[in-house]
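A.B. asks: Each chain is listed here by its residues.
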Amino acid sequence: MNLRKLALTASLGAVVLSSLATASAVAAEAKEQFFPALVYRTGAYAPNGTPWANGYIDYLKLVNAKGGINGVKVVFEECETGYATDRGVECYERLKGKHGGATVFQPLSTGITFALTEKAPKDKIPLITAGYGRSESSNGAVFTWNFPLLGTYWVGADVAIQYIAKQLGGVDKLKGKKIALVYHDSPYGKEPIAVLEELAKKDGFEVQLLPVAHPGVEQKATWLQIRQSRPDYVLLWGWGVMNSTALREAQATGYPRDKMLGVWWSGADPDVKDVGEGAKGYSALTLQDGADSNSKIVKDILAAVHAKGEGTGPKDEVGSILYMRGLISAMLGVEGVRKAQERYGKGKVMTGEQVRWGLENLNLDQATLDAMGFAGVMRPVQTSCLDHMGSSWVRIRTWNGKKWETTSDWFQADDKTLRPMVMLASGKYAEDKKLKPRTPEECNK
Amino acid sequence: MLYRENGQFKTSYAADQQIFPIAQDRWAIIGILVFAFVAVPLLVDEYLFRAILIPFLILSLAALGVNILVGYCGQITLGAGAFMAIGAYAAYNFHIRIEGMPLLVSLLLGGFTTAVVGIFFGIPSLRVRGLYLAVATLAAQFFTDWVFLRIPWFTDNSSSGSVSVSNLHVMGWQINNPVSKYLFCLGFLTIFALLAKNMTRSAIGRQWMAIRDMDVAAEVIGIRPLFAKLSAFAVSSFFIGTAGALWGFVHLASWEPAAFSVDRSFQLLFMVIIGGLGSIMGSFFGAAFIVILPIALNQILPVVGDLTGIEISTAGISHAELIIFGGLIVFFLIKEPHGIARLWSTGKEKLRLWPFPH
Amino acid sequence: MGFFLETLIGGLMAGMLYSLVALGFVLIFKASGVFNFAQGAMVLFAALAMARFAEWIPAWLGLQGSYLGTAAAFVIAGAVMFVVAWLVERLVLRHLVNQEGATLLMATLGIAYVLEGVGASVFGDDIYRINVGMPKEPVFLFEGIFPGGLLINKEDFIAALIAAVLVGLLTLFFQKTTTGRALRAVADDHQAAQSIGIPLNRIWVIVWCVAGLVALVAGVIWGSKLGVQFSLSTVALRALPVVILGGLTSIPGAIIGGLIIGVGEKLSEVYLGPMIGGGIEIWFAYQLALVFLLFRPQGLFGEKIIDRV
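The listed protein sequences correspond, in order, to chains A, B and C. Numbered according to the working numbering, the first sequence spans residues 1 to 445. Numbered according to the working numbering, the second sequence spans residues 1001 to 1358. Numbered according to the working numbering, the third sequence spans residues 2001 to 2309.
Hint data in this document are derived by calculation from the structure and do not stem from the laboratory. All figures in this text were calculated on a predicted structure; none of them were measured in a lab. Beta carbons are placed, not taken as given, at the ideal position from N, Cα and C, and that holds for glycine. Possibly wrong hints are sitting among the right ones.
Ranges between beta-carbon positions, derived for each pair [what the hints assert, rightly or not]: (1) A/D172 with C/L2141: 37 to 47 Å; (2) C/R2094 with B/Q1018: 43 to 53 Å; (3) C/M2275 with A/G281: 52 to 62 Å; (4) A/G345 with B/N1167: 52 to 62 Å.
Short, incomplete list of chain C residues facing chain B, as computed with Cβ under 8 Å [what the hints assert, rightly or not]: (5) F2003; (6) G2101; (7) I2111.
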């Protein structure tokens, strides 16, 4: 290679680069509330990550279309994590200081959540993990910056067992039954095991653990084992292509789909739409109710964002399950800011610490939610300094071969089982990290 | 004109054998070290530290290890990610299971454990080589992925399989902010690089290279392939394992086996091939290239998009990143199959003659 | 006993699919000495092309979901793979003649990245479906002999048949046609082949083309089974132990190796897995290949002149 040319290009490149860097630094001065978006639109999990990201961004666009949060405009910037922890950490570092500092991070990955849990307290940026992340982080006394709003995996596991018990006709009927857990072999998939084992001890059923290696396209042996051991129910704890593969294999081995129950990350449209009739009867948990394509908020988005040609994704995706979950996640962050403004001054840009106060004092009752257009989409959420989860409303929806139908009443997690486990696990975390848990008095400072 | 060794006479064996025989090189290295240890902490902002410099330092260390094995001893490996994982988890277990274990000792013990495991997984190299060996090391990769996912003892029975460390300190020096982390990793890298450089210049390094160049001939002149190969595996694994421990402890602080997946192994191999096989310098070049390129592309593409008026979506950027990354790899392999290190040495040769090339 | 047979059959069928991917590896290695890591990306690329053209062509021409559209998509996807093969030869391989194995391997990894990026940006990132009318429901045989019957997956069975036919055709091609003979000559000795007038570059295009077609068939089968999405490219890693076991240069080796790995994986997962925690398929396949390497480094059917150390 011609050395002189190389040196020339290199120095030219450096000059262009540095001028670009200064240009972008100048642009970042404006006074706006910054919402970083860690997303994954490529890679093995893209079919599930993309609608979530679109919902997240669309809601932020809607907030701006409506004039911002009490007049404060929202800015956002995406960073592609590819569902990989190290890229997620890099994205976090890149975005946390931009546009005057990040408001809140929502990584949509349990692995990234684990890594950021160690970093967020130092940077004083809250972490919302609506429906994923560390289950014990619902204890706000120890995990002061984590907000697993709306539900954790332990809630999911507990409700799943409640539902199965109801199907069988009572908790006492669980005795002697066998429940298989087919799970994504990662921190995400392993989260429910602790609760299932606890409940198995209590209710006398048997748990069979069947891990599936990333990315989950090879499940033949798993389903052969299921065919052999004939469990009464199969819990599916997958993400991405693993879900549809599981349903296909269930079909191929003749396991009845109506005995299969998925967590809320295994019950969306990309998981079943290609399996179609083959997934008929399959049920999954809902995180809140989530998707109601006739709700007011969906119409708002269509009118204020998509009609102007500013929609992030395709139009027909608005209102789908993962899209709505992204939208709700964004809404929770925005509402945290709004709440914080009530205390620290309306129309001002909130810091991470102030937003944390907002998130800890979130009180979205049904009337407020309905007014925001979330009727039929969400149920009330009320957090406190010690309870970072807020509420745990779960329903079951079933795939009828063409679309999802809601098929059960509301469930809530059983605090009697979960609370001691949360306290134990978070206590161990605090001890390992030599953290002093917050007392209720400290909260109101 | 400046870079010329005229008048530098070696009057002793020691002077003849020093690492940098040319005075200007010595000064340059000292300058770089001073710059890295003193100036960088004063000049650089937090993002650069956390997202670029620290990963670069740690991955350079790992690349050094891979280069010892692949570049100097000619044994190809696709299991470097696994060895990083072993280092990280071993150090973690030493750190939490033994009360009051000093951080440095934990990290180095992590490296030693990896060396032992590395010797074990190096045994196939006595029978096979080349691509077959690559696949044998892949076996190590998938096996360790599974071990750390499935055997709860290694992750201290954590329910999710993810582990974390905190409160790192060495003799009262708290390693909690980016600058201290950077200096800590830089210290490791400096010492290890010196070690590697000297090892490759000594008898053992020459044995490795003899095995690499022609193993039968090496055996004939009295080099024991068993010792040479396994020692290369041990030393290389030690480096990689220590790097893995640093990656977990210092960079991520909380990690799961997926942090050391097969993609990491490929990445490390890329580093040494692009940087230059059989060159210490090359390991640094390769690590810098691989760490910085995707991040730089990620930052530049949106700006370029803005300038040209095309809005590039996040997905578009990462597709473009894949294409450019792959394209550059192929381009480099075609234009300079010996890596950036070769470009560097050609540059130095030219500089010696400059400005009178004839 | 019934269950054992089921596992065995399941393993054999999975193995047949692995062989299909492994075949791609072997073809290219035989002709050009390149260990093609991009084979997985090629499978993904071909499947994406097929799936999307099967969507687009009926939309452009106004056809209603007929088999014609699928067939046309298959042909076009084949053409796309031809272009890919030609580009790879023109832009990459031609410039890397006589480089070391490791360099070539890296180059194919680069090609894999490019293919993944181009595939995703041209064809999209979502899950796409390939519908070639494969039956999805299982059949149960011998219900009288075994309790619950013997489960056979029709889809897998058809896929295995297609794979077998493809292997047969390839063997014929290699043994009986002039081009096939030229390919084998190149595999034996590049220089000798060149000196008797076999054009090396054309041979390479042909062999990458054939590998592309094999990838297309594999992509269609896997894609119809799993849906076409990014994870398809990871099947290459699953097929690697197969080539090692079967030998890098042997087509029957790829087949037999695939069957052994398939059966070994499933049996180990089902019988050994529950004892030590499950999820052992992948590394078990590799360990199997590794143990094999120690005793027979050239693989089952590989050429014996491998440098043994």
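A.B. asks: Taking each numbered hint in turn, which are not upheld by the structure, reported in ascending numerical order?
C.D. replies: Going through the list in order, the structure violates hints 3, 4 and 5 and respects the others.
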